[in-house]
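Dock chain one against chain two, each of which comes alone in its own frame, and use the hints as you go.
Protein chains in written order, with UniProt numbering: chain A, 1 to 98; chain B, 1 to 574.
No lab work stands behind these hints, which were simulated from the structure alone.
Fair warning: there could be bad hints in the mix.
[Said to hold, decoys possible] Under the rule of at most 30 Å between Cα atoms (straight-line distance), these lysine-lysine pairs were calculated in the DSBU-like manner:
(1) B/K400 with A/K35
(2) B/K136 with A/K81
(3) A/K35 with B/K136
(4) B/K380 with A/K35
(5) B/K377 with A/K35
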Amino acid sequence: MSKSTSEAETLYVEVHRRMIENGEWDRMLHLLSSKLSESGWTDDLLHRAKENSRTMDPLSLQTILQELLSHAQTSVPLSVKREITTLIKQFVKEQFEK
Amino acid sequence: MSASPDSTHTALFGEESTFSNEAHPGIEPSVSSDASENDIDRCSHLASVFADPPAKAGIVDKFKTAVAWHARRTHDSLHPAKRRKVSSPTCDTCDQALSRPFVCLHCSFAGCWSEAHITNHLKETGHTFCTCTDTKSGSVFCSECEDFVFDDIIDELHLSTVLLVEEQNTKFQVAKRGREPYQPWVPTSDDSTALKYIATVPCQGRRGLLNLGQTCFLNVILQSFIHNPLLRNYFLSDRHNSRLCKHSDCTCCEMDNLFTEIYSPTNTPFGPTSFLATTWKVSAEMSGYAQQDAHEFFITALNQIHGTCRGSTNISCNCIIHQTFAGQFQSDVTCEKCGTVTSTIDPMLDISLELRSKSGEPATDNTLASCLRRYTKPEKLGAREYSCSKCTKASHEAVKRLSIRTLPPVLSFQFKRFEHKTSGKAAPQKIDAPIRIPVSINMAPYTTLAMNMKDGETGYPGPDAMYEYDLFAVINHEGQMDNGHYTNFARFRDEWYRFDDDKVTPSTLSDCLASNAYMCFYVKRHLDYKPYMKPTYLVARENDIVREQAMEREKEAARMKEVDDALMAMVGGD
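One chain only, chain B, in its complex shape (with noise of 0.2 Å):
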């Protein structure tokens, strides 16, 4: 019953068509999380009062008051600046000052759930639904079915309430202006139209991927691509066309027959032979037959898609591999003798992070976390290692800090398990140690912004929607270095699946965390736009069709010449 991050994802990324069998026989079918989203279980109490107008916007009136207040009221208690006092409701029975406001829908009584005060006031006045202010998406409890029920409008409506809350109260740090409205996508009649006739499919695929010969390294990074749901939605959406595309050798064209295979009727095995002889062409030190790395793949084949993708460039590139990976890191080197702090930035597509202390023994208990704190502690630097600009001394003590700038909307991190050891023993060690990874992660404390926040004083480094994370895929290593497996855990919305080639199965949370990742990947749950600019693909779309229109005129011109002399030509020759 815990609200699910994928309501909030369908919400943000659009009606999904439900699960369908038909499409996918050799799959069991989840038990579903859909149910709630569909709208033929949906509570009846709560249709019936929708399908009202008058009673529907009392409804929703008051729960959308609800959401506000408690946006309002986080927002202030974690803004240093606003702590003043904050408003505490008291429960209208126990007349205690309420944690965890429970409000119901129809009055304007506010009670504790624990106590059931709450439960036995709708019981009492017969009022039926009631929404606890403090949870992340829309949740409303109805008395009669006696549980929480899930619908798309609530949850719509909880969106955009918390979203217009943070417009109104955040803005931009450097250029110190506000932030443009959300404005959610409505078709134009045009679109209408054109959707009418549109044949919906499943939009979960899953097949497994054959193995042609130690290519488990290739199936893994595969499989992270294809539950990826930026790559997901690009590709569905036609947005690399295989057979427009002029490039030979194109990997952005294999990813592209990749989610049509995957997306097709059939879900037995297949073998991405296409995939796997591009990826030779292009890059011959991933060609043969023996093991590769998985990570150094997974760089490869971004560098592979960046580089035949449309309007690809080399300096802030703006392809979907960039607009999926890319972030920046943060280097700030604080000279010990003056003070004075240099700062470098630099991309990345993704986090590499060590398993073991600078000294080399393994941390104890490693969660993801304390590898990303390990990651951005300031370390010191040797006298020899740095020499300031600003003093007149050559060799200083000095202080590196590195942070993350930029977040990516996907965060692929590595563990560093492989590690070449240089002293005498040749043969490379794998670090086995565990880590913990949680299902979601706030990335604001290893953030630049946050951590040149005041020491002591906790800063606000901005809304929660700005840095939470969600896991969608966990790539697994058994065996040794060069002796070794790949198998990988993957979600679509709530359910998760083990790959392991060509053999998919379902699977559980706790069997992902508890599978010791090599690589994990993250996607950021609420997106983020540029403010007040036309969709580069818009853009895009407007030049070809100006082009398009000249090519047209010329040619229409040429033809017209050509009648022309084809008639000069007659009068002259008479």
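So that you can see chain A by itself, here it is in the shape it has in the complex (with noise of 0.2 Å):
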């Protein structure tokens, strides 16, 4: 592993730490909450989700988590991740430059 992956990582793991302790965590999950749904993302993996196990013998939540993780993945759209990344890098931004 290359030194800037595990610097990239330890990085990560602090900043999710922080955040979390900070409360700010629950503030932009309940932001991108609302926005997923506006979006009709959310509804897009209910659909899939009841569709999909409909048919589903044998009905096995590990089959329907990894039939929709990808397409969940992907299917975020733009404007949203644009929006919440902005607003982690201004996390970063405030947290690491003291």
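Next comes the structure, spelled out in structure tokens:
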């Protein structure tokens, strides 16, 4: 593993921890949820999960998760992604520029 | 596997009997999401634990602790006054901070889901259950079933624990006093005896409605009433008994008859002829066989039902229509010169939303939320439209802003798709612009309370329970203004159905959402009640009893007097 990858990992863990302790994680999650709901992403996933499970035999949580995961990640609207990424960048900047 | 808003619905509205195939042979049974709520299909591992009181107590306590911890933490992190360091547990396997803690229900282990740390813990220790603390309803993962299991007891515990935390941490805004602790309804021994002899019927009723000649506008509104949980509960509880009602041309009785038909054992389509006839008699402008606007009929019907409902008044009425649909708007006008704000409060039964901005251009990517934002956007009033009472000068620039002051239990939205063009062309245009509506919406950003919080700083307008609504019916219109057809979608629990007059078919959520709504209806997920008050129906019943007893006494006294008079006549006549 290259040095920059493990540095990135350490930074990630640290940012993650600080966001949670700060309450920022919860606030951002709230914002993200409402944006994803407005864009129809949440409802689309709900519909897919339901319709997939209707005909799934045997019904398995792991299968549903697998089927949905990649679609869920790729179908996040670009504008939402950009907005949240900007907020995260801002947070990191504030936290580490002291 | 996602948490169903209707499991909360079930916990809130009480045990509802499960879907019975016999009563509705013509309708395809839904692949039962009811299975999880049916005792027979309950997770056997959970069932066996719950059968043993000390084991049950252990699981229940841990579950409640986990839920309460998360509820408090959410409240703290969203409430600006309490922005202190929020507790952050770490995973017992990898030490990373847990954004979504999964907690073992047998020991104090907490761990990550995504790296399978929690599931590995369960396998290694033989502990069976864990719970995810950040779901909206109780969900417990059973490692034997390798699945999330849903259980009425767990759901109820989740609801009551979250409610308890909210009660302790939030207060009434104006009166500045605490909330009344929630007490679930418990049947008295009289109630239990009465309930023993009651025949249960399936709580879902679906029947097509025959088109009586361009009456699809009537049918879609009636279907929206039929699937409206508050109206359904009112009429199924026999609160307006058409056989005892003394009104003539009573639309409220028509509603009672409608529900009787819907919940009768037959499920073939029927024609709402007497409803239509009564509507015509009461509102002459609705009569005739021409196509009417569904929204106009909706408002007319609401007013008719209100008028014939027991206990309806003209000021702060408490009839079922107002209890269900009535909210309030607040209009704030700020004078630009002196800053005085004049507020007016107006009642409303529904919200009509524009699809175009003031300049007349259709907005791109219209969603319900964007329409609501447009609706509550501050708007400049022209110099001639307003004169401030405080300033000495006559006309000023002012800014007007609408917001929702009180949210009703059922929110009805109408999208203004029919525009009467005043410029030259006589024919009114229909706006077919697509609108995206969500399955659930949080109404907090559009309320007076939230909008009045300091700009920039996001205030805490109260727990989400006050603001969350779930879609239950959508009305669609195809074709042109005077030459079109109405159809609708409606939901029972988790399943969506499409209604086209007499044709009822199972449908899906995505068909409903893609259908381009004309009107849509949302029901609040958690109902609120005034604290420490006797319910009005109980007060009414007590008054009735007092009145009946007084009448009995009068009758008895009159009878005694007759007997006395007869005796006197006999004695005197000697």
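We went through each hint and held it up to the structure:
1. B/K400 with A/K35: holds (27 Å)
2. B/K136 with A/K81: holds (24 Å)
3. A/K35 with B/K136: Holds, at about 18 Å.
4. B/K380 with A/K35: Judged against 30 Å, a Cα distance of about 28 Å means the pair holds.
5. B/K377 with A/K35: Satisfied, since the Cα-Cα distance of roughly 19 Å is no more than 30 Å.
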